[in-house]
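Residue numbering for the sequence shown follows this note's numbering, starting at -13 and increasing by one per position.
Any given hint could turn out to be false.
[What the hints assert, rightly or not] Label-pair distances were calculated between CB atoms; the ranges are: (1) K1 with S27: 40 to 50 angstroms; (2) A15 with N51: 26 to 36 angstroms; (3) K18 with A52: 15 to 25 angstroms; (4) Q29 with A65: 45 to 55 angstroms; (5) A30 with V(-7): 49 to 59 angstroms; (6) D61 with S27: 50 to 60 angstroms; (7) Q29 with K64: 48 to 58 angstroms.
Treat the hints as calculated values from the structure; they're not laboratory data. Note that this is a predicted model, so its numbers are computed, not measured. Where a beta carbon is used, it is the ideal one built from N, C-alpha and C, also for glycine.
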Amino acid sequence: KAGAPPVDNGEDIKKDVVKELNASSASYAKLKKTVDGLDTSNQAKFADGLKDVAAQLAKISRGSNAALNKLQSGDVAKAMKNQKNCQKASPSPSVPNASPSA
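Hey, can you work out the whole structure from these sequences and the hints?
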């Protein structure tokens, strides 16, 4: 479990990011219910519903991105670079497709 970043106001930053990501999670769950309830028997209603879903999805995405940007900028980003468990993982080497021998 991640703790607060070792920067000024680190605990507040952590709380804000967690709050924003939890709000995004709840919004995604609500959006799923909306999608599940779309009327697929009427093409026009379905299309209108998809437009609303797309608008809501964009709004949720902006909120999630804003939260993540707090972790990827300024002193927090510098602090995370120095934390082993916060570093980006190296890509695994590719394994060629093996053909069964005949």
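* To do: Hint by hint, work out which the structure violates, then give me just those numbers in ascending order.
  => Hint 2 alone not satisfied by this model.
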